[in-house]
Every structure is written in structure tokens, then in C-alpha cells.
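I would like the entire structure built from these sequences, with the hints used as guidance.
So the protein lines, in turn, are chains A and B.
Sequential numbering of the first sequence, starting at 20, is according to this note's numbering.
Sequential numbering of the second sequence, starting at 20, is according to this note's numbering.
I should point out that these hints are in silico values taken from the structure, not numbers from a laboratory.
One should not assume that every hint holds.
Identical copies look the same in the list; a pair holds intra-copy or inter-copy alike.
What the hints assert, rightly or not - Below 27 angstroms or equal to it, Euclidean Cα-Cα: the simulated DSS-like pairs (lysine-lysine) are:
(1) K146 - K173
(2) K146 - K60
(3) K95 - K38
(4) K99 - K133
(5) K146 - K47
Computed from a predicted structure; not experimentally measured.
Protein chains: 2
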Amino acid sequence: MHSTQNINQIITHAETLCKSHGARLTTKRKLVLSSLIQSGKALSAYDLIDLCKENFNENIPAMSVYRILEFLENEKLVHKLKLANKYVACSHITCNHDHGVPQFLICGTCDHVKEISINKSTISQLKNDVEQAGFQLINSQLEMNCICNSCQDKSA
Amino acid sequence: MHSTQNINQIITHAETLCKSHGARLTTKRKLVLSSLIQSGKALSAYDLIDLCKENFNENIPAMSVYRILEFLENEKLVHKLKLANKYVACSHITCNHDHGVPQFLICGTCDHVKEISINKSTISQLKNDVEQAGFQLINSQLEMNCICNSCQDKSA
DNA sequence: TGTTAAAGTGTTATGTTATAACATAACACT
DNA sequence: AGTGTTATGTTATAACATAACACTTTAACA
Ligand SMILES: [Zn+2]
Ligand SMILES: [Zn+2]
Ligand SMILES: [Zn+2]
Ligand SMILES: [Zn+2]
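Structure representation (C-alpha cells):
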């Protein structure tokens, strides 16, 4: 997915982003973010504990991992997938465009997640449908259970 | 939401549906379904334990409630909301049209849930967007965080 | 009617995800 | 050094969910 070099670049960029508004990307936070980026998948907080131990021989308690994930989420470096109770690194850390509300395609077979921006027109049509039903859409972050083409091909 | 009479009608109908293919809507299953219908909301399994105790003075252990919810879900009498880890009674138990894939609008303020069928054109547009991203939508059950008009009005 | 297999339920233990509450450590600034 | 703030450690517990096995009821059938 990403080479070590790439990951370091992303981390460096993330650190710059944090610094630019006085937030600190500490060592532990870097370890969690690195692990998540490296995996290229959606992981649970407890998966991340194991991975940090494996990759860096660092024991980070569950509580800390949750706090770190919350921090990273606020920084838009990580997204929480509520469908799966898992966390995924943002695909656009090094992009400079600002981060709209994302949608996620989750492959149920291999756990890979693609972060996309659905066509504005689809979203507004959806909003319309929702309003017709007497509700207002608060959050257009959609999470969809999918199968990725690669897994599809394998099973065919 | 529903009068006791209405609920009984729905339960009776549900029982007929179950019988029609040899499934049994037992007493405990009825209690869980009734409680869920009566509440008019999305409830967790543990909420339902409390409610069955309250409404019917029946102690149903967690394990049983989960099994019962699974049964009811298979019978399409109940839907599981994965975003919220909660369960909601199907709005169309007494309808005779067959049950397509539903979408859910969840009011984050009052927990009320509306089960809708989004326009086919919106769904197909969504499917299209997903395919363009190299994924196949497995399940078009969408769950959306909303605020209902009633709660919106109150807060305005 | 008695036998039996399947379905349903009870019970206990355990796994998984997440937060509360309180303490200590590290850092930034005076 | 002193002080306030942020981050992390620690322990406990809440909330959601499944596994495994025993016991009971039901429906079917000889
Ligand atoms: Zn992102
Ligand atoms: Zn896949
Ligand atoms: Zn339904
Ligand atoms: Zn509401």
C-alpha cells in the first residue's frame, strides 16, 4: 500500500498540519497513525494496540488508543467507521484541498476501505429524498457495505 | 404511536406470516416484538430486556433477546441498525407488498427512526458512483444520521 | 400413546468495544 | 522554580455481543 518512506512523508505532513494550529502530534500519536496507514485497512482500537506492540514494541493502553484516535479524528487524520466500529486513516492527509464530508466503501471480504466523494448531485438528491420524508440529513458521511473488484474477481 | 389494539393486530398478522412458512412466533418473541413496536423507537437488546420486565414482568436473559432479535430479523419483522447498534420494528409488517431493502433515517435527538424507500433513481445513481470507484454495493440498506422535523422545530 | 428429533430457552462464561474517574507525567510559559 | 495545560497511565466498569452446553417444550411419527 504505502512504502515506509511514503508513510514517513505522510506523518511529517500530518505533523505540519497539527503544528499549524498548535496541536501536537506526539510520539504515541505517530505510532498509532503510522500503524493505521501502514495497514491500509480499517482496524479496531484493539487491533491497533496489537499492531503498535508488534511494529514498535510499544504497549499503549486501550484508553490511550481511544484518546489518540479521538485526537486524530478531530484533526481529520483518521475517520471512524461507525458501521464497522473501526478506524481508518484519511486518504487525503497530504492533499491540500480541504476535506469535505467523505463517504466510505467498505469491502466486507478484505476490510479494505475506499474513501470517496460521491457526486454532489447524488448527495443533493439524497438530501431531497430525506427531506420529503420529514427529516433533515445532519451528516452526509455514508458508509456502504461493498465488495471490492479485486475480491469479486477472486471469487468469480 | 400505536394503540394496544393496533399492536395486537400487528402481532396477529406477524404470527400469520410466521406460520405461513412454519416458523413459530412464541410468547417470548411476541413480548419482544410488542415492546419494540410499542416504543416506536430504536432500542438496544438491553433496553428491550428492561422493557419486557417493565411491561410484562418477564425476565428475558440477554442471550435470549439476541436470539429472538435474530429470529425476528430473519422474519423481516425487525431491522438491525448497525450505525446505532439498535433494533427497530419493521414499519411494514401488515403491508402485503414484499419488503425491499429499506433505508433508515435516525433522529439523533429523539431516537425515532423512519423506514423509507429512497427513490430508485437515487439508489441507482449511488450504485453507479460506487462502481466508478471500483466497488460493488452489496447492500443498499443505508442508515443516515438525521434530525426529525419535530425536534428541529423544538430547537428553533 | 410413547418415542424421538428439532426448536426454543436457560444459564454461565467469555469476548469485544467503549467510557468514567482519578492520578501522574510532560511540556510551555512566566 | 512555580503554574497552568495537555498528554498519558491506571483501574474500573459500562455497553454490546457471542460461545458452549444443559434442559424443556413442541411437533411429528411409529
Ligand atoms: Zn479523509
Ligand atoms: Zn476486498
Ligand atoms: Zn421493514
Ligand atoms: Zn427527533
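Tested hints:
With identical chains, the CA atoms of K146 and K173 are at most 27 angstroms apart between copies only, with a shortest distance of 21 angstroms across copies and 36 angstroms within one. In the homo-oligomer, the alpha carbons of K146 and K60 lie at most 27 angstroms apart only across protomers (22 angstroms), although the nearest pairing inside one protomer, at 29 angstroms, exceeds that limit. For the identical chains of this complex, K95 and K38 are intra-copy neighbours only, at 14 angstroms inside a copy versus 51 angstroms across copies, given an alpha-carbon limit of 27 angstroms. Proximity of K99 and K133 under a CA criterion of 27 angstroms is satisfied in both settings, with 13 angstroms inside one chain copy and 24 angstroms between copies.
In this assembly of identical chains, the alpha carbons of K146 and K47 never lie at most 27 angstroms apart, being 39 angstroms within a copy and 39 angstroms across copies at closest.
Hint 5 from the earlier list is the only one contradicted by this structure; the remaining hints agree with it.
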